[in-house]
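Asker: Sequence:
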Amino acid sequence: PALERDPGRCVGCRVCYLACPYEAVREAEDTRARRPVRITVQGESFEVPERITIRQALELLGFSTSRFPGEGDLPVPCETGGCFSCAVYADGQLVPACITPVADGMDIRFPEPGTRLLRRVSGFQPHPVGGVGTPWWLKDKGTYIEVACFAHGCNLKCPQCQNYTVTYDNVERPLRPEEASRRLTALRRLYGVDRMAISGGEPTLNRPWLVAFFKALRTFNKDERARFHLDTNATVLTPDYIDELVLDAGVTDIGPDLKGLRLETFMAITGIKDRELARRYHANEWAAVKYILDHYYPERVFMGIGIPYNPAFMSLEELRDIGDRIASMDPGVQVCLLDYFPTFRRKDITRPSFRQMLKAREILLEAGLKTVIAQTELGHVGP
307 PALERDPGRC VGCRVCYLAC PYEAVREAED TRARRPVRIT VQGESFEVPE
357 RITIRQALEL LGFSTSRFPG EGDLPVPCET GGCFSCAVYA DGQLVPACIT
407 PVADGMDIRF PEPGTRLLRR VSGFQPHPVG GVGTPWWLKD KGTYIEVACF
457 AHGCNLKCPQ CQNYTVTYDN VERPLRPEEA SRRLTALRRL YGVDRMAISG
507 GEPTLNRPWL VAFFKALRTF NKDERARFHL DTNATVLTPD YIDELVLDAG
557 VTDIGPDLKG LRLETFMAIT GIKDRELARR YHANEWAAVK YILDHYYPER
607 VFMGIGIPYN PAFMSLEELR DIGDRIASMD PGVQVCLLDY FPTFRRKDIT
657 RPSFRQMLKA REILLEAGLK TVIAQTELGH VGP
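Residue numbers (my numbering): 307 to 689.
Take these hints with a grain of salt, some might be off.
Below, simulated SDA-like cross-link-like pairs (lysine to any residue); rule was C-alpha separation at most 25 Å, straight line [claimed, not checked]:
#1 K445 - S428
#2 K445 - Q662
#3 K676 - D636
Pair by pair, the computed Cβ-Cβ distance ranges are [claimed, not checked]:
#4 G318 - G685: 22 to 32 Å
#5 S634 - Y328: 20 to 30 Å
#6 E683 - T346: 18 to 28 Å
These are calculated hints, taken from the structure and not from any lab test.
Glycine residues also receive a C-beta, built at the ideal position from the N, C-alpha and C atoms.
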């Protein structure tokens with residue numbers, strides 16, 4: 307991530323602290339004097355201290371922030387400059403408020419609702435397996451089956467983040483939805499596939515951007531074979547958001563993750579320490595899965611559910627309970643068991659062995675699920 311290498315220019319955005327895989331960055335109080343700088347917010351002049359972010363300045367001035375997208379005066383779900391949900395106009399340029407320093411004379415204005423249409427997106431590439439929301443019968447064909455891109459920024463802080471170099475990157479040039487959709491469409495034509503996907507990071511944090519992205523994809527790909535695939539942690543999906551993605555934006559495939567049945571497991575996997583925030587995220591992901599099953603699956607939307615698994619954070623008993631709960635909603639829905647491997651800040655864990663993943667898959671089958679694919683070190687097993 308971007309950071310000022312000179313500690314004297316640090317603005318306390320905390321990105322380096324959150325993103326360092328070695329946890330080598332420590333927070334320390336900056337006791338140096340800060341001279342006042344004058345900024346303008348929505349046409350009104352204020353004095354704030356130097357060496358702080360726009361977000362911090364707005365908080366000092368009484369504006370409310372929220373970790374949940376769409377709430378408060380300034381939603382800050384990722385806090386690392388990737389998702390642009392907190393973007394404001396600073397001297398006419400759309401910038402993420404969570405990492406951008408204030409400057410003397412800066413003119414800050416809030417965008418109109420629904421117009422924060424920039425997002426850092428990268429990793430445009432073909433994929434031979436797809437994601438959680440890819441139908442099992444397409445996997446392991448030995449050819450590319452999907453093209454995908456990855457949205458930067460995430461509202462979770464998983465210590466074993468499986469894609470942390472994308473999640474925490476905030477130097478990639480942000481793209482408008484139309485630009486990202488054109489790139490993905492060009493890749494589709496280059497590789498001759500029908501499926502186009504976005505993953506992350508967490509794509510759903512910037513709702514206006516994501517809806518516009520899928521609408522543009524649908525405009526550029528009007529043939530009946532085109533499939534529009536979203537992989538998500540589902541923690542901020544609400545019924546009206548799901549409706550908009552499916553009915554207005556044209557999403558045809560979705561792959562939500564379920565990170566545990568117990569709240570404590572969810573908090574361990576996601577790194578969310580605020581119990582009430584974790585409770586809300588956790589309830590949302592389960593509610594989103596049920597809503598899709600009840601209203602759109604399988605006629606309108608294909609869904610595959612991802613379950614992250616590693617004995618370090620989930621017991622087989624809890625895994626069985628997860629299987630029981632999913633089976634009570636729909637025993638036939640596709641479930642992908644994901645073998646979380648050591649990376650980022652959890653290099654102390656061991657990747658589940660092939661036999662462990664077979665055992666975990668058997669547990670889900672015994673719970674009544676009929677379509678279970680296990681991701682293993684030797685490839686996919688099942689259904």
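Asker: Now look at each hint and say whether the structure bears it out.
Answerer: Each hint tested on the structure:
no.: 1; hint: K445 - S428; in the structure: 23 Å, holds
no.: 2; hint: K445 - Q662; in the structure: 22 Å, holds
no.: 3; hint: K676 - D636; in the structure: 9 Å, holds
no.: 4; hint: G318 - G685: 22 to 32 Å; in the structure: 45 Å, violated
no.: 5; hint: S634 - Y328: 20 to 30 Å; in the structure: 42 Å, violated
no.: 6; hint: E683 - T346: 18 to 28 Å; in the structure: 56 Å, violated
Comparing the model with each numbered hint stated earlier shows that hints 4, 5 and 6 do not hold.
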